[in-house]
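S.K.: One letter stands for each residue in the lines below.
Protein chains: 2
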Amino acid sequence: MSQHVVVIGGVALGPKAACRFKRIEPGSKVTMLDMSDLISYGGCGIPYYVSGDVPDAEALRTTAFHMIRDEKFFDEVKGVDVMTRTRATMIDREKKQVCYENVQTGETGVLDYDKLVIATGATPRKLGLPGENLKGVHYVSNPHDAECIRASISKGQVGTAVVIGAGFIGLEMAEAFADMWGVETTVVEIFDQIMPRLVSPTLAKMGMEHMEEKGVRFHLGESVKSIEGDGQVQRVVTDKRTIEADCVIISVGVLPNDEVAREAGLKCHERGGIVVDEMMRTTDPDIYSGGDCAVIKHQITGQPLFLPLGSMANRQGRIIGNNLAGGESSFDGAVGSFVVKLFETSLAGTGLSLGAAEAAGFDAFSVMLIQLDRAHFYPTKELMTLELVVERGTRRVLGIQGFGSSGDAMVGRINAVAAILKFKPAIDDISNMELAYAPPFSSAMDILNSVANMADNALREMNRGVGPVEFEKLWAEREAGDYCFIDCREHADAQPYMERNPEHWHNIPQGEIYKRLNEVPEDKTCVLVCNTGARSYEAQIMLTHKGRSNVVNIHGGMAALKKYGLEL
Amino acid sequence: MSQHVVVIGGVALGPKAACRFKRIEPGSKVTMLDMSDLISYGGCGIPYYVSGDVPDAEALRTTAFHMIRDEKFFDEVKGVDVMTRTRATMIDREKKQVCYENVQTGETGVLDYDKLVIATGATPRKLGLPGENLKGVHYVSNPHDAECIRASISKGQVGTAVVIGAGFIGLEMAEAFADMWGVETTVVEIFDQIMPRLVSPTLAKMGMEHMEEKGVRFHLGESVKSIEGDGQVQRVVTDKRTIEADCVIISVGVLPNDEVAREAGLKCHERGGIVVDEMMRTTDPDIYSGGDCAVIKHQITGQPLFLPLGSMANRQGRIIGNNLAGGESSFDGAVGSFVVKLFETSLAGTGLSLGAAEAAGFDAFSVMLIQLDRAHFYPTKELMTLELVVERGTRRVLGIQGFGSSGDAMVGRINAVAAILKFKPAIDDISNMELAYAPPFSSAMDILNSVANMADNALREMNRGVGPVEFEKLWAEREAGDYCFIDCREHADAQPYMERNPEHWHNIPQGEIYKRLNEVPEDKTCVLVCNTGARSYEAQIMLTHKGRSNVVNIHGGMAALKKYGLEL
Chain D
7 MSQHVVVIGG VALGPKAACR FKRIEPGSKV TMLDMSDLIS YGGCGIPYYV
57 SGDVPDAEAL RTTAFHMIRD EKFFDEVKGV DVMTRTRATM IDREKKQVCY
107 ENVQTGETGV LDYDKLVIAT GATPRKLGLP GENLKGVHYV SNPHDAECIR
157 ASISKGQVGT AVVIGAGFIG LEMAEAFADM WGVETTVVEI FDQIMPRLVS
207 PTLAKMGMEH MEEKGVRFHL GESVKSIEGD GQVQRVVTDK RTIEADCVII
257 SVGVLPNDEV AREAGLKCHE RGGIVVDEMM RTTDPDIYSG GDCAVIKHQI
307 TGQPLFLPLG SMANRQGRII GNNLAGGESS FDGAVGSFVV KLFETSLAGT
357 GLSLGAAEAA GFDAFSVMLI QLDRAHFYPT KELMTLELVV ERGTRRVLGI
407 QGFGSSGDAM VGRINAVAAI LKFKPAIDDI SNMELAYAPP FSSAMDILNS
457 VANMADNALR EMNRGVGPVE FEKLWAEREA GDYCFIDCRE HADAQPYMER
507 NPEHWHNIPQ GEIYKRLNEV PEDKTCVLVC NTGARSYEAQ IMLTHKGRSN
557 VVNIHGGMAA LKKYGLEL
Chain Z
7 MSQHVVVIGG VALGPKAACR FKRIEPGSKV TMLDMSDLIS YGGCGIPYYV
57 SGDVPDAEAL RTTAFHMIRD EKFFDEVKGV DVMTRTRATM IDREKKQVCY
107 ENVQTGETGV LDYDKLVIAT GATPRKLGLP GENLKGVHYV SNPHDAECIR
157 ASISKGQVGT AVVIGAGFIG LEMAEAFADM WGVETTVVEI FDQIMPRLVS
207 PTLAKMGMEH MEEKGVRFHL GESVKSIEGD GQVQRVVTDK RTIEADCVII
257 SVGVLPNDEV AREAGLKCHE RGGIVVDEMM RTTDPDIYSG GDCAVIKHQI
307 TGQPLFLPLG SMANRQGRII GNNLAGGESS FDGAVGSFVV KLFETSLAGT
357 GLSLGAAEAA GFDAFSVMLI QLDRAHFYPT KELMTLELVV ERGTRRVLGI
407 QGFGSSGDAM VGRINAVAAI LKFKPAIDDI SNMELAYAPP FSSAMDILNS
457 VANMADNALR EMNRGVGPVE FEKLWAEREA GDYCFIDCRE HADAQPYMER
507 NPEHWHNIPQ GEIYKRLNEV PEDKTCVLVC NTGARSYEAQ IMLTHKGRSN
557 VVNIHGGMAA LKKYGLEL
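Residue numbers (the numbering used here), protein chains in the order written: chain D, 7 to 574; chain Z, 7 to 574.
Keep in mind that the hints are not guaranteed to be accurate.
Since the list gives no way to pick out one identical chain from another, each pair is judged satisfied if it fits inside one copy or across any two copies.
[What the hints assert, rightly or not] Subject to a maximum C-alpha distance of 25 Å in a straight line, what follows is the list of computed SDA-like cross-link-like pairs (lysine to any residue):
(1) K78 with Q501
(2) K428 with S335
(3) K428 with L117
(4) K303 with R268
(5) K521 with L272
(6) K303 with H216
(7) K35 with E467
(8) K102 with G58
(9) K78 with A498
(10) K161 with P385
(11) K303 with H275
(12) K568 with A270
(13) K161 with Q9
(14) K141 with L272
(15) K521 with L133
Hints were generated in silico from the structure; no laboratory data involved. These numbers come from a predicted model, not from an experiment.
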């Protein structure tokens, strides 16, 4: 049976669903509409085009075998009819018709469909502020934006840039400006950390520290009041300061384009986004949707999730393609995996951060571990930081986030946890996770196993500790004399800190704890620190064994404090 | 309650179990015996010490914070008593005693235990051939071997080396010899591929091709008959040739050291290895075992598995430590993850290879995909090859293996599958696996999603193809005229092949298939090829749609043929 499938939207999900369907039913007809003149581009690549990593904007819309994905390509190679510059104005579900209008000529028309796919994507959120339409103020949405931004930089017109919003795109754009072009770049974020809700304040600070070292400035907890200039943007005014800007990027999230669906009476979420079932069907069984205009299920909270990512769109698109052809493929939801490269480092995660877990009502805690990413004797080893989020009573793992180098090592660990999150893993599933082992790739006890072991030790109350945020508070109160800071490393490592803080920094190497127990004050809280928290943990066990239970271990040790930006 | 725990064996599992137990029960006593003078070393690091990547043999037995793990370290830092050069000669289970003997002095003694851990590890398998004890013939087992091998190389005594056995250690040692020292290195393997049973012949050939490019020679399907020399080794004689050798490495597997357990009446596997339950207990509930001397459960076949890896030993050691202290931790088996670096590439895998799956009685098939490891427009992209093994009827994923660069990208993908294998994932769990996405790390449709999609397409019979092994056979029969080889790439890509093979190599770009259908012979099997198998897959669908179903797609395309070493 030959069908006519109409697809509204020509980026990511739309083309994927169209092409997949055509491969299963080559005899059926597919018509794909898009408002823009460009279709099927990799919007996620825009920051890398702006930075110059991707030399040519066309690369964002070519296949891996160098063919441009334009109308002709879809016709000849994929057998899909494409109408660009064409907006779907109305869906008539009874007549099974889509009304459209050419956005250039105003010409209108009607398409009959057997099945319909709504892949209208999302639109960058606007701030609704004065000056938002000045020249030099950009959103990061399509290749036209990208070309416009890069052209102005390469012409030398951009000496200063302000990025509003410290999510993925904002941070990637800040890197693009500062790294390749040496533009003086400032990021303004309304929350008090970068990547709010996605990572803990500690991991966020580590990523931000690295970006600051690379020359990016940050103003957190500030809201933009206006964008000013005379035709061309000149400055950004926040509630705390004025920042010069030849170029402004607004990256404060996106909103799902669900109007045409909403007007057709399809169920949408109250905060936006088309509601779909596991087969990616809307409330009309002949209409499918997915990608940036739809909401899916969060596999951990069970709540609706808006997760506008190209990877989600592609996977869902294939499922829609199957189901258009009578298949019964299902998409069982998402756990929210992400990664963002920040110069020579990256932040990544999956599942819930501690903040998100608490907001979702879980009785959760997290542990943070710093450890080498491969055998400590292997020359290319690097420190990685992982934070595991666990539900207290059930020992269920709710998520993991990390900060590490810009290589693939950390994202590999995050992906391994992402893979099992939907099976409701317990701590022990991560403790025994069978990561492939060889010294160039991992430790015999991989950091992922270790961070789960650390969560186990925390639940057993063997490892009672805090991270850099809390250490900073304890250290700030050092003059009050309630705390005794003990460095559990060998003397040579501790010496410089003792010299700089002669009254507060003490040194008892972990192996000497029992012998020198009399040096440990009984009337103070002992704050134990070593390189990464491993030896101080052992020291904590020894002190506890000797009845000194008022002991705090600094998780991540000096390595975490340094990455966090604390100078002692 | 204070206990005395005796641990027989001081490498990997032994120290891990001992230290973990001491952390939980600091008031108990642990005595650890080892036959050698060295303990707690990272044996897996030996090839990297021989190569010079690890400058100093001591690094193999230091902690990440540079302390040597010797008797003093275990005493002061871990609270564990160590007796080196001490062999456990007998276990008296009734009296709960271990009899021991000092291997240097012959002095004997007896230790009472409350609980016992047998961590006797494994011993390199010998060939039982003449000449095996000549000077210059080595096993790769402990740091003494390592120092001996490296000393002879660095003194310039090794111009030629023969490695017997092409498993992990053999290949790592071959790289160490050839890479850093320029030693003329030959590997002899009795099976007809490297890493037999672990990866398919195709992946094995890809890894071997790369090693050959780096100067290592291979003789497969040959068995060693004798090792010859006059005091010092001079040559290796196989059933086919004589190979000069100043140094010989024998790496033909290891055998579990289960004698002391067997003599004590503990249940052992008929092919060797102490039998343990999920709590790592032997058939005597007061005696635990694990690591290289024990057999565990294979989570896919359910069969006993001997998996001598340092990573296994460490994870099991922690579980034993917990259970010695009254815990109820369990180890639910293994799926057999592995990775080996081969110069600038690596081979990795988890679960069952196709050969192993068939041997275990599964009705299995595999698909092989070559795809870029990150966004195709991102500058550091590289091709990765993955082979997914699936049970036909149930769509259950049984394993995955891969060949890729020596970076972390591939092992990250393997680990993500390793993580879920015990949950009996179906193809669709991999198709929708939520790998973190950003262009510097992955494609929107990651290669891991794609290889599962390919398995789905194979089951739907939409993608009917073969790999390089079968292509080689088809190509060898080209003169018979039963096959029509069609290159589905653009003309410029196909041209050189057409010039070299004017009678056999045809070119119809995939987008022109419908227009040029008359050029496709109806009486021959069409063999379709493109860069990686993606466009030829689309061409196959188009031809099938037009009634031409006698079509074979070459999986992996020209990229696979090249990596496989085929010149056309």
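S.K.: When Cα atoms must be at most 25 Å apart, do K161 and Q9 count as within-copy, between-copy, both, or neither?
M.R.: The answer is neither: 50 Å in one copy and 76 Å across copies each exceed 25 Å.
S.K.: Is it within, between, both or neither when you check K568 against A270 at 25 Å Cα-Cα?
M.R.: neither (55 Å within a copy, 53 Å between copies)
S.K.: Please work out whether the CA atoms of K102 and G58 approach to 25 Å or closer within one copy, between two copies, in both situations, or in neither?
M.R.: Intra 45 Å, inter 71 Å, cutoff 25 Å: neither.
S.K.: I want to check one pair: K303 and H216. Are their C-alpha atoms no more than 25 Å apart within a copy, between two copies, both, or neither?
M.R.: For K303 and H216, the Cα distance exceeds 25 Å both inside one copy (34 Å) and across copies (45 Å).
S.K.: First find the shortest C-alpha distance between K141 and L272 inside one copy, then the shortest across copies, and answer within, between, both or neither for a cut-off of 25 Å.
M.R.: Cα proximity of K141 and L272: none, with 38 Å in one copy and 81 Å across.
S.K.: When no copy is specified for K428 and S335, does a C-alpha distance of 25 Å or less occur within a copy, between copies, both, or neither?
M.R.: both (17 Å within a copy, 23 Å between copies)
S.K.: State whether the alpha carbon distance between K35 and E467 is at most 25 Å within one copy, between copies, both, or neither.
M.R.: Cα proximity of K35 and E467: across copies only (22 Å, versus 63 Å in one copy).
S.K.: With identical chains treated as interchangeable, where does the CA-CA distance between K78 and Q501 reach 25 Å or less: within a copy, between copies, both, or neither?
M.R.: between (70 Å within a copy, 23 Å between copies)
S.K.: At most 25 Å between alpha carbons: which applies to K303 and H275, within, between, both or neither?
M.R.: This pair counts as within: shortest intra-copy Cα distance 12 Å, inter-copy 47 Å.
S.K.: At most 25 Å between C-alpha atoms: does K161 with P385 qualify within a copy, between copies, both, or neither?
M.R.: The answer is between: 23 Å across copies meets 25 Å, while 42 Å in one copy does not.
S.K.: When no copy is named, should K303 and R268 be tagged within, between, both, or neither for a Cα gap of at most 25 Å?
M.R.: within (19 Å within a copy, 54 Å between copies)
S.K.: Treating 25 Å as the Cα threshold, decide for K521 and L272: within, between, both or neither.
M.R.: This pair counts as neither: shortest intra-copy Cα distance 73 Å, inter-copy 41 Å.
Hint check: violations occur at hints 3, 5, 6, 8, 12, 13, 14, 15; the rest are consistent with the structure.
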